[in-house]
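Build the full structure now, drawing on both the sequences and the hints.
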Amino acid sequence: MNKNCYSTFASPNSRVKSLQLLARLTFGVVDVKFRITTYLTTAPSEKQCSASSAGLAQSSGSNPVIYSAIRALLRTRRQYAFSTATGLYGFDHLKTPKGFRRFVDDAIERSGELVAYISGMPSSAEIIRAMDEISNTVCSVIDSAELCRQTHPDREFLSKEGNLLTDEAHRVAHYLRLDFERSGIHLSAEKVDRVNRLSIDISQLCRQFNQNIVNDPGTVDIFPASLIPRNLHHLLKPIYRSASVVSKDSWRPGGTMNEKGFRITTDPHTLSCVLQGAPNDEVRKMAYIKGNSVPHANLGVLDQLVASRHELAQIMGYRSYAEFTVKPNMASSPEVVMSFLLEMSKMVKPSADEEFKKIRDFKREKCGQQYGDLEPWDEAYYTAMMKSSAYDLDSSVVASYFPLPQCIKGLKVLVESLFGATFHSIPLAPGESWHPDVLKMSLHHPEEGDLGYLYLDLYSRKGKYPGCAHFAIKGGRMVSETEYQLPVVALVCNFSASHNSSTARLNHWELETLFHEFGHALHSLLSRTDYQHFSGTRVALDLAEAPSNLFEYYSWDYRVLKTFAKHYSTGESIPEKLVESMQGARKMFAATELQRQIFYAVIDQTFFGEQPTPPTSSIVADLKRQYTSWKHVDGTHWEARFNHLLNYGAGYYSYLYAKCFAATIWQKLCQEDPLSLTTGTALRTKFLQHGGAKEPSHLLSGLVGDGILRNFNGGMVPDISCLCNEMKLEKV
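Sequential numbering from 1 applies to the sequence shown in the UniProt record's numbering.
Source of the hints: derived by calculation from the structure; they are not laboratory data. Fair warning: there could be bad hints in the mix.
Calculated cross-link-like contacts (lysine-lysine; reagent style DSSO-like; alpha-carbon spacing at most 30 Å) [to be verified]: (1) K587 to K358; (2) K357 to K566; (3) K387 to K285; (4) K668 to K731; (5) K285 to K237; (6) K357 to K624; (7) K631 to K358; (8) K587 to K412; (9) K358 to K577; (10) K387 to K731; (11) K290 to K260; (12) K412 to K464; (13) K349 to K327; (14) K346 to K327; (15) K387 to K349; (16) K366 to K668; (17) K694 to K728; (18) K366 to K624; (19) K349 to K366; (20) K624 to K346; (21) K686 to K474; (22) K577 to K668; (23) K440 to K464; (24) K440 to K474; (25) K387 to K409; (26) K357 to K346; (27) K587 to K631; (28) K668 to K346; (29) K358 to K387; (30) K327 to K474; (31) K624 to K290.
Pair ranges (Cβ atoms, derived) [stated by the list, open to error]: (32) E343 to H644: 20 to 28 Å; (33) L299 to E365: 36 to 44 Å; (34) H170 to T570: 57 to 65 Å; (35) L227 to D373: 20 to 28 Å; (36) H698 to D557: 22 to 30 Å; (37) H174 to R263: 51 to 59 Å; (38) G87 to T678: 44 to 52 Å; (39) R364 to W556: 30 to 38 Å; (40) E593 to K562: 24 to 32 Å.
Please read these numbers as outputs of a predicted model, since none were measured by experiment. From the three backbone atoms N, C-alpha and C, an ideal C-beta is built for every residue, glycine too.
In structure tokens:
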């Protein structure tokens, strides 16, 4: 999720010289818009649009043509006609004191539209004309407001003008200003050019990183075929090789025959299945090493990405990219983040070490003492075996209760029970859909009408985005006093149809992922902010994952599951005993999984930290030994496929913040009656509907009380008590 929708360039473009020229023109435009937000939050003596020409010219760089053009724009004002009845100064909006609010909203909206238009690189003449319109739009508000303040005898007009902005609008103005500054608006032309070049490079590096993952998933050839259990055959490709025949009964002349084997493609999904289900130690080892060594090209890409982000941050005046990322959020500094991660690491280490010993002892019991060393490729296999042994679990049996249509019904159950709303399937207009699998639903409330629209694109296919994600297509916002722009979002997953079936049956971890992403979707759909800049998931980075983590709890609660989880053939509801077994298995190695997430977050902070780092591959081994119970395998490069480093560079810690927040919200608000309308009303009215329009700490405290987070060293950190209680961990 990217909350900054106002960056100078939305995507890289190969025409670098054109982009650099456009950057100077656009920065002149952005600065005009920047000035209205500055005006609306500064003292009256500083507010006069016509006095800003020198500052605006400086933003345009040293180009005399641009300088002259902008000077001319600021001297130009629309001539107003007063021949018919109108509002103050000829503006229809200003017929009443309340009209100033709409006047401001329209000016900000129109300026945003024109900035987007200019970013599309029209002709030079059209750019200048659009700049002129922005100048006219913005300065009309500023100059008329100042004139009203200084001369109007009606105190109501002065009161309305002096309070043009709601608290949310003040917050939007403040964060728009910060966003512009984080885009480099305050820099010299030379530095702006470098920032733009780095931004393009970073976007290209991120694209290349993901493309390399698709292009080079890695493969391992296994012979003979008997080393692969039958339940994995459908995931793998049969292959053959010529082999010498020892037996005199060979049916092929020349003493050779075709020996069958399997090719394992070590993409994350297949690799996970093989590591969990292949009993042969050497097969797992080969698959693990290959899957954690590709794509090798990404090691260089990652080093370049780290260097580019570090340079960008330093140009912006920050010590590191981590500081650049963390500063606007609740944590406020990398030091606060690392203190939180160290606290979590110390808290979880005793339990994680104990779990490691249990896995090692189990392997020794099964294989003998001579095979007792625990390797990274052993974890998934032996933990799955231990869970199955302890709780008599079969993943195929669990999946039989989660056919995808029933899981979609589960999403409908959630919104109806919690929010009194319903999902309705609606037809897609010609040209609206991008694939025949796509469904569209409206979220409808019986009293409020439609609340928003959700696209579902849930099945895997070649060339599609490989993971699961929520995409905000259109944010909610007030268009007028009577019209609201409804949010539009897409929920994208990659579920595969079950073997010998046209319908996907989800593993429970896939159901959990679906509910996680649905939490994001609800955050967007239920948002009712005045401005799209704060709609839904456009919140502080370290708050964004809280709703999604909260809704993961719903995927584990029997009271929720029994409402929709039905056997694909018999229609039987999922047995409570099976859910209890699933819950017990989930807890068996929870400390190990939490320790892994802490390790990921530490890697993320270290890569993008203050000190220029050596090649990233040399950092991972030391940190893995320091922060986990498991050894590092020489020659492997786990980080080459960790694409969270792209979207959440220096922000992966936010998942752990969210985990703590979600544990507290679940225990204090939802656990007693998770499907009650009272619970849903509290979630919606105190949290979800506000998006980013309120301070995150106020939202969280307003929902469950002050204990959910605390001040620490200038930042905010989550209280970990509820998570410790859930996982039976002792706070350090």
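### Message
Hint by hint, where does the structure go against what was stated? Just the numbers, ascending.
### Response
Violated: hints 2, 16, 17.
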